[in-house]
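K.L.:
Position chains C and X against the provided structure of chain W, taking the given hints into account.
Protein chains in written order, with the numbering used here: chain W, 1 to 465; chain C, 466 to 1103; chain X, 1104 to 1259.
Hints are computed from structural coordinates only; laboratory data are not their basis.
A few of these clues could be false.
Stated by the list, open to error - Residues on chain W that point at chain C, a partial pick, calculated with CB under 10 angstroms:
1. Lys-148
2. Leu-151
3. Leu-201
4. Ile-204
5. Pro-220
6. Thr-255
All residues carry an ideal CB built from backbone N, CA and C; glycine is no exception.
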Amino acid sequence: MYPIVLLSFFGIVTLFLGFSKSKNILLPATLLFLIIALAGNFLEWNKGPLLYFYDMLRVDNVTLAFNGIILLSAFMIFAISGGFQDNPDSEPAEYFGLMLFSLVGALMMVGFQHLIMLFIGVEILSVAMYVLTGSNKRNLRSNEAALKYFLMGAFATGFMLFGITLLYGATGSFKLEQIQGFASNMQVGSESYILYAGLLLLLIGMLFKVSAAPFHFWTPDVYEGAPTIFTTFMSTVVKTAGFAALFRLLSGSFTGVYGFWWIVIAAIAVLTLLVGNIGATSQNSFKRMLAYSGISHAGYLLIALTALSKPSQNAIIFYSLAYSLSTICAFGVLMLVSKEKTIGGQPNEYYDAFNGLAKQNPLLAFVLTVSMLSLAGIPLTAGFWGKFFIFTSAAERGIIWITVIAVLMSTVGIYYYFRVIISSYLKEGDLVKIRVAPFYKVILVLATFLTILFGLAPGIFEGLI
Amino acid sequence: MSASLLILIPLLPLIGFLINGIGFKTIPKGAVGIIGTLAVVASFVISVMTFNDFVASGSQPLVVPLFEWITVGDLRIPFSFQIDQLSLLMLMIITGVGSLIHIYSIGYMHHDEGFGKFFAYLNLFLFFMLLLVLGSNYVIMFIGWEGVGLCSYLLIGFWNKNTNYNNTARKAFIMNRVGDLGFLLGIFTIIATFGSVEYTEVFAQASSFSLEDPVIVTICLFLFIGAMGKSAQIPLYTWLPDAMAGPTPVSALIHAATMVTAGIYMVIRSNVLYSLAPSALEIVGIIGGLTAIFAASIGLLQNDIKKVLAYSTVSQLGYMFMGLGAMAYSASMFHVITHAFFKALLFLGAGSVIHAMSDEQDIRNMGGLRKKLPITFITFLIATIAIAGIPPFAGFFSKDEILAHVFEHNKLLWVIGVIGSLMTSFYMFRLLFLTFFGNFRGTHEQEHHLHESPASMTIPLVILAVLSAVGGFIGVPEALHGSHHLAEFMSPLYDAARQANPAGFEPTTLSHSEEYLLMGVSVAVALISAVVAYVMYVQKASVPAPDSAEKSGLQRLVYNKYYVDELYDNVFVKSTKTLSNILYSFGEFFIDLFVNAAVRLTSFSAKMLRKTQTGSTGDYVFAMVLGIVAILFWKLLL
Amino acid sequence: MISDFGYILLFIISGLVLLGVMLLVAKFLRPDNPNEEKLSTYESGEDPMGNAQIQFNIRFYIVALIFVLFEVELLFLFPWAVVFGNEELIAQTNGAWGWFAMAEMTVFIGILILGLAYAWAKGYLDWVRPKQQIPEIKSPVPADMYKQVNDRYGSK
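Just chain W, same shape as in the assembly (with noise of 0.2 angstroms):
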């Protein structure tokens, strides 16, 4: 609760702070606001379920930790933006403040306890976002892909709203737990329709949130367009959010129904990795790699969802934290490279400029390697018992044959992971001088370092649980 109450405020700090003359002192307080959120964040740790603000919202363990994640890559992303000096048309206090406002939306999200709390969560995260992502506004690519994302997002919006007054009208009450002892006790009836087409039309908006196919259509466009910090923003804060909510939703409300739901989101699933991973591997720009990356992982998140149990809300939260890692160190080398290679004035994001890169610089091609190697799911980095545990939690409920395609997929991912992996180390580039900040080396590393050291010992990540 305190983060919340927390970033709400800082936000608003952050705007006025904006009118300063020294553009420096935003960095560095946003930072700090976002460590003594995370500190406020941890002071509930272990200090059981709590309900706040009439029971609409639910802080324990399982909420915090998704907290821990969202706010650690936050703080990560504001770390590498280099408090968007580069850009002189930049308003840094304006995209600081929004992000602060975004982080407290997610955070509504993780903990939502009552379905307004959940919209309201989804709505300051997308509005901000819908923002962001036109943030460059003198790039034609960013204004389309920001009006693209409104005018989908709205429609997905529609939806979701639909279906939270459809399940209002079938139990009466918009609380986790009400619906939950409604659903599970309820008899086939026109009644039983009604919360079985608001429970569709909610999940159809969440699952348009977490880019899961047929509702990703937005996805590669948008992450392309908007300026490469958001769209880092966008595919881990975000997706980590939306995957908490659905997590809490499922969890919290539809136990009772699961043998109804759990094959959409199977299929759903299904779909999303085969668009994901083969949509991956025609692409040419390393962005849009990611952005299809991002999806294929939705769908390895949404295995972990059909089995629903206490093993698969670890191995959410375990891969969420290794792919937000992976994520931040892939788009924050993409970042520094493209900047120094431009094709016509823009940063090229095209696979060709990594070519030679670990001669340029051997410490941005490692942490690539790695952050790559995560996301494909090689042993002894944290994205292999991401997926390691996602496999077995469903395994463990007797759906094998997701599985087998999850699997099967996955190699597929192998092909897209290593084509840049290949370009940095056995490809000849130009030397181009890469000029990599202190701090910017340090988050990178430590991304890296965390990383290895949970594919070492994931152990240590599911002893803090």
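P.N.:
The following block gives chains C and X in isolation, referenced to the frame of chain W:
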């Protein structure tokens, strides 16, 4: 005993490795040696403290959990260390002998370009070795096991500009992998049978199995295959003599004192399982006996100073396994300890000789070195007496104890053991006499260079010589009115095994007079061979013929190591290559067909998928609506 | 007995029916003499020209946004005022209820005021934001030279 102190034991060498490994280009040479050595000495000091604490607190074994490591379903593998008699003894040997060898290496490797690299590897090796003996479950042991294999590979091929050395390093690695496969299968079987890999849990559950349970026998045999590879037993022994390509301190530390005894450690560690499977132990004993005599016979005719010692090591390891076969676990451990002293000493002495002889290793070109290298000579002499088994030096007690147990167990194996010990004494004295007695046979230049090694090399020699001389007194047999401290100390380790198989642990039925007789036989045999060697190589001053000379059939057979390498080459290497060629030409086609089809399918569907991504919001929304309608239709109306 | 949803259904049906009936009645009652002038879109007497989908000045949106902000605030104030004035609650809590509600609304409005202040400080409330463009010409001739020339010849 605090856990943090315990963690430091393996951690210090790891830190040493990281410092030297990352900075070996920048850190000055002097500092490299000091860092590397300090790390090990400090870990030795902590080991001693741990040992004292352990004894003072009543010798209670204890498991120190560090963190949860892997949890998969019901299988829980924690990362934890186990402290008991066995691991403490191994700790003392590893860090103690390790420290001496590090000090020695400062002098020995001083002129080498890869000085920093060498110390980094050596520290890394110690880290893995300590992990191997400290781990409280088979998986940690396996990590250590693989880690020491890796370091062994790196150090055998340390002078990696020589292709032959690289090949021998590869040979060692591959041979070990064969053994590791057995070990791994053993671990899997353990997991399948007991659902755990923690020693305490496995052994507690194993006690309820009946004697000769087929599962236990299988596990024991699998584990023993692992031990065969690492401890160089027939048929996986050929890598060890070749491993002498590495620097001499490496041979002393890895290929004599520590790593190769890992197999014995493993068997003693699993004594509960082995005690339940006497038939597996029988195989262990037979393999050990065969290796002992086989390797010793090859050693008789070798002319390379390190090769002789290498075959001697293989042979001594054979003795240890023979002891294990007779369920004389403590006796084998005893031999591990004494062997660590005198074999390390022999290797270091050989290193000192090689150092003095400007990298000459052929004993036919040596001779008369005792005046020029007095300290090396005296220490080498002590070690030779110790290994030959002449009382009261260390080797006598341990070897005699093994032979006494074997005698009780199987008379034929005992005969083999005595013959082996005859050969041992002969080739060791042959080596000694050819190297240090007679006239110098090397080139003039070499003679000019001859010098005693620096203090950093001789001090470890002297310390090890003292240990080789008196080390045997920790286990004086009852027949000689001594008390067997080591056996008493280790006795609690076998409590579970004793319950499971009481018959195997009955006290000896040999009378004192019988024991005296056995001792007499082995001492007499050793002395006779020594005298024969003296007559042959000092009085008659004969020198082994050069390679070009004609040899009799048997001599040629032995000299060429029974053509085992060639046999392996023909049977395994060639057939594997043929098979892989066949598979390459046939299999490649089918595999390509499959792979290409998969690639085609993927890229075709990717192309199709690309078309859906039109970029128009209208299309996207339309696709979404189609999806929504499909879902609603499917779930609500169907 | 009809359920709550039944009422809603009734409302929907009756709404549709009413609309339909009114349009139908009007259809029959009104005279029908169309001409071009009558058929054209009513645009406050202006002549409708061109496409209706033209770009509006972005400032309209900002002003509209700020307007919506305060309209929402106003909408929120009404229900708040009703609960705030709940005499029973005030009596039960010995007046503390009132202060609590007051404080909550102060925080709420305070945040909105901060938003307004931010927009104001950023200058979004000024309809016209002329940006003075000071032309800078890089000329090899120094500026004071012109002045001298002007001084010399300007007076004549």
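K.L.:
State for each hint whether it applies.
P.N.:
Going through the hints against the structure:
The beta carbon of W:Lys-148 is positioned within 10 angstroms of a beta carbon in chain C (closest approach about 5 angstroms), and the interface hint is therefore held. The beta carbon of W:Leu-151 comes within 5 angstroms of a beta carbon in chain C, closer than 10 angstroms, and the hint placing it at the interface holds. Because the beta carbon of W:Leu-201 sits about 8 angstroms from the nearest beta carbon in chain C, less than 10 angstroms, this interface hint is met. At a threshold of 10 angstroms, the smallest CB-CB gap from W:Ile-204 to chain C is about 6 angstroms, leaving the interface hint in force.
Using the Cβ-Cβ criterion of 10 angstroms, the hint placing W:Pro-220 at the interface with chain C is satisfied: the shortest such distance is roughly 6 angstroms. At its closest, the beta carbon of W:Thr-255 sits 17 angstroms from a beta carbon of chain C; the interface hint therefore is violated under the 10 angstroms criterion.
In this structure, only the earlier hint numbered 6 is contradicted, and the remaining ones agree with it.
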